[in-house]
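Based on these hints, arrange chain B on the given structure of chain A.
Line by line, the protein sequences give chains A and B.
The first sequence begins at 1 in the numbering used here and counts up by one.
The second sequence begins at 1 in the numbering used here and counts up by one.
Incorrect hints may have been included.
[Said to hold, decoys possible] List time: in silico DSSO-like cross-link candidates among lysine-lysine, alpha-carbon distance up to 30 Å:
#1 Lys223/A - Lys34/A
#2 Lys112/B - Lys121/A
#3 Lys34/A - Lys198/A
#4 Lys112/B - Lys124/A
#5 Lys34/A - Lys205/A
#6 Lys34/A - Lys112/B
#7 Lys71/A - Lys124/A
#8 Lys71/A - Lys257/A
#9 Lys121/A - Lys71/A
#10 Lys223/A - Lys257/A
#11 Lys112/B - Lys205/A
#12 Lys121/A - Lys257/A
#13 Lys43/A - Lys205/A
#14 Lys198/A - Lys218/A
#15 Lys112/B - Lys71/A
By construction, these hints were calculated from the structure, which means they are not laboratory data.
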Amino acid sequence: MSTGNLFPQISRCVAILALLATGAIAYAQDAAQKGLAIATEQKQRDAGWGDSQAEVSMILRNAQGQESERKIRIKSLEVQGDGDKALTIFDQPRDVSGTSFLSFSHATEPDDQWIYLPELKRVKRIASRNKSGPFMGSEFAFEDMTSFELEKYTYTYLRDEPFQGQECFVVEQRPLDEYSGYTRRVAWIDKNHYRALKIEYYDRKDQLLKVLELNDYKLYQDKFWRPMVAEMTNVQNGKSTVLLTHSIEFNTGLEEKDFDKNSLRRAR
Amino acid sequence: MTKTVSAARASAFLLLTASLPCAAQAEFAGEMGVQQRYFLQDALLPEQERAQFSVYAQPEWYHSWNDGYDSLLFRPFVRYDEVDSERTHIDIRELIWLHVSDNWELRTGIGKVFWGQTESLHLVDVINQVDLVETIDYEDRLGQPMVNFSYIMDMGTLSAFVLPYFRERTFAGPDGRLQLPLPVDTDNPLYESSDEERHIDWAVRYQATLGDWELGLSYFDGTSREPFFVPAPNPQSGEIQLRPFYAQMQQVGVDTLAVAGSWLIKFEAIYRDVLDDDFFAAVGGVEYTSVGVFDSMYDLGLLIEYQFDERDELSWTGAQNDLMIGTRIVFNDIDGTEVLLGVIQDLDNSSTRGGLIEASSRMTDRWKWRLDAYFFSSDTPTDVTYAWRRDDYVEFTLEYYF
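Just chain B, with the same shape it has in the complex:
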């Protein structure tokens, strides 16, 4: 009897020790790269350069334990920019503990979430602040401190967010290109709430797949990630600058996607209440993909999206009544080559438009090149694009993955 018990104990111990290295898992990975930007026109300001070189790194540590039910992810980001002191920056993109249970998940720490379905504009996606010095397409975001609880049902996923600390938007510095008409005084932001960046924001979201439909509903109450600007003298230099003003907002959002054969139909809309004013904004469109066009290996995608915003031109929103037309070409080759071309035309103002090219391809399993180019055109000083009218640029990045 004792023999069997101790044998069972011994085997249990063996099993335990044998399973321990499998139960805990650690990984290290990441990417780094060099980037050269070249601006096609002479700058508006004499101190601005035409060439801009930078290097960046984004390592990633991942550790999981408790059979993968718990994990910790740490993903810092750093960029050194030779020209723009504001673009030289460090951020913790993620430092988050994830606990997974049978029908719920808890994320605690600094994290990133994505809400939405459209390509040209991310209206409902208001949790993470835009890291505007990285790219001007609003796709790069700063890490957001959060506690996020998600409850998973057959009918979809219900998530609640508590956001205890606010991150300010990044803006190009005095020597950098792609500035607003006046330098942004990022050292002296203004807040509507007396708690300033420590105001506790909260949000809830419901997301579900219903057959050929994807549906998301969201509500956010807290500090608006999108600042207003107040021209004011800088307390130190006395120079007139734009002080970002972060107001409190309440926003209801809906995002949806429908699959119809080779078509994807996408739509996002928000209703936002900010500074005793309220407005509606929406973006919607289609994506059509044709596989193996003209008997080739290539996939050709067509993107059309229309952007609407009730706010007037003075709000620095470039999406009042605009049309985006784009095409995505996927080469389906070993190197994973892809090209995206697009134009955004302001329908109220025919002189205001923007264009973009995004291309990338692998050179080896670890090296990749990327080419991005943006073009801006506007004759209208009140339009946000006007500030960048001489900032057309081409950006070449060499990326190394480890």
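Here chain A stands alone, though its shape is the one from the complex:
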């Protein structure tokens, strides 16, 4: 008898809870779908750039404001269906001049990496699982220098928010690679051109570690936006690194064969 009275109430409760839960799930699904949709559009708009050659400076600053400059040249090749290939040649500081670095980034597997030491004429394979290490002593980690691939993250759309006067989507990106140095990244993507304007990096304890701001975007080939200034600030140790792109050229005729160990050995 009493159960007859109680039952509708319980079922109503369950029904309400279920409704709330499905609502939350639906909302989460919406946020995930929207996050992925934004990332897909971002990747899509940058597809087809082919190859490029860039001259870049890295300005390293410590907490006391002391500066040191590195000069590098980066040759890049777009690879359809996988991560990109890159050959980086170091020009400065002079003691590492001629050292070059070859990487094949992959969407879901560890990258393949080799370094060439000109004094020894030796090509060394690098264990690339540890991608969280700093690149040339800078605040950029190796994983920050590799290409953006959809399969590397799961996405959650967080909110709309303007950044430096531009309307942006704010999207959380959680790396799927358990060896990433980050639990998540939060990216501000502008609604007009789907360019990342700012990225926050959270360390393995989910504390804010670094903030990257990308400025002076230039349009190449009427399609591809590239930031001429990218400043990474480590909020935990006060150091920062500015990546300055002095020049970048597209369609320079680079091919697969320009990205092998023989070309690494020849790189100047």
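Frame of chain A; chain B shown alone:
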């Protein structure tokens, strides 16, 4: 019609002249430095010093043309040593013309190649002679005259070498430290081949990357870079010295590396036929790197390698049955500071071991310091380390890059 042709010609000419300065490219760079060695114990011989000062320079001229498909590299090396006349030496490390085509490369001149994967011993790397007066770690090599043709395939790179002239190994002179038990008579080497240093050596090598694997296979036929020693009176002084004897050898080599997560697994093996005798030698081990250890910026690497050689103790090979354990600390700072510490223990003879420290860091963009130290210990006169038992030393180098 003529107008367009001449316009086209003019623009072609303009393009040509405009592209010429870009097509040819010249560079000058290099390094020089001062070095102070200090030996921790009094020497075995009265004429040997405890301090050894030297200066060195290694400039480099590079010129490329034909849109970079041709290039010439000239890299001489010179060291003046205050104490050791044999360590005062000049060498052409490289003077080589490189021609690159679509799927092949041709290197002609004096050059340097590196074969292999391991850190503590370079067994398969037999093209360039060891410049032993520079450092005792076998990492410095003399320039080797060669014609080297490489054919590049999807399946890897196949290289052939013709080596028309042999370079003798360098050894410390009578006043220098780090000598063998007797002075080496480098002026009177002996050869198995009647062609002596003009014997034409040849080699082939196949090198490939197969996913997480690196594989190298090599074959060498010619004058062994590693000499035997024959005690004999010096023709001038009559003093008993060690005359280096360079025999002919045939060697098959394999070197491989596998990436397994944060581990690198490395292995090299050779099978060598020399003076109607043959032997097997191998070195293998692992390198593990941990990034950002203990929540710091530092990378910590661990190196373990085991060395095996079938030859007996009398062959002057220190790697019969030895274990190397080392650690590499990379500071990841602006100055690029790195420290490598290592010990090599002879497993047959517990008294025989060696230790090393290699540290370096930048002071400015052009100046760098380097500290190297080697320690030797042995109670066994037949062991190669025994000759250096009182030659523990610390070496400080200031390097300038231009």
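Here is what the structure says about each hint:
{"no.": "1", "hint": "Lys223/A - Lys34/A", "verdict": "holds (23 Å)"}
{"no.": "2", "hint": "Lys112/B - Lys121/A", "verdict": "holds (7 Å)"}
{"no.": "3", "hint": "Lys34/A - Lys198/A", "verdict": "holds (19 Å)"}
{"no.": "4", "hint": "Lys112/B - Lys124/A", "verdict": "holds (16 Å)"}
{"no.": "5", "hint": "Lys34/A - Lys205/A", "verdict": "holds (26 Å)"}
{"no.": "6", "hint": "Lys34/A - Lys112/B", "verdict": "violated (56 Å)"}
{"no.": "7", "hint": "Lys71/A - Lys124/A", "verdict": "holds (22 Å)"}
{"no.": "8", "hint": "Lys71/A - Lys257/A", "verdict": "holds (24 Å)"}
{"no.": "9", "hint": "Lys121/A - Lys71/A", "verdict": "holds (21 Å)"}
{"no.": "10", "hint": "Lys223/A - Lys257/A", "verdict": "holds (26 Å)"}
{"no.": "11", "hint": "Lys112/B - Lys205/A", "verdict": "violated (48 Å)"}
{"no.": "12", "hint": "Lys121/A - Lys257/A", "verdict": "holds (20 Å)"}
{"no.": "13", "hint": "Lys43/A - Lys205/A", "verdict": "holds (29 Å)"}
{"no.": "14", "hint": "Lys198/A - Lys218/A", "verdict": "holds (16 Å)"}
{"no.": "15", "hint": "Lys112/B - Lys71/A", "verdict": "holds (27 Å)"}
Hint violations for this structure: numbers 6, 11, all remaining hints satisfied.
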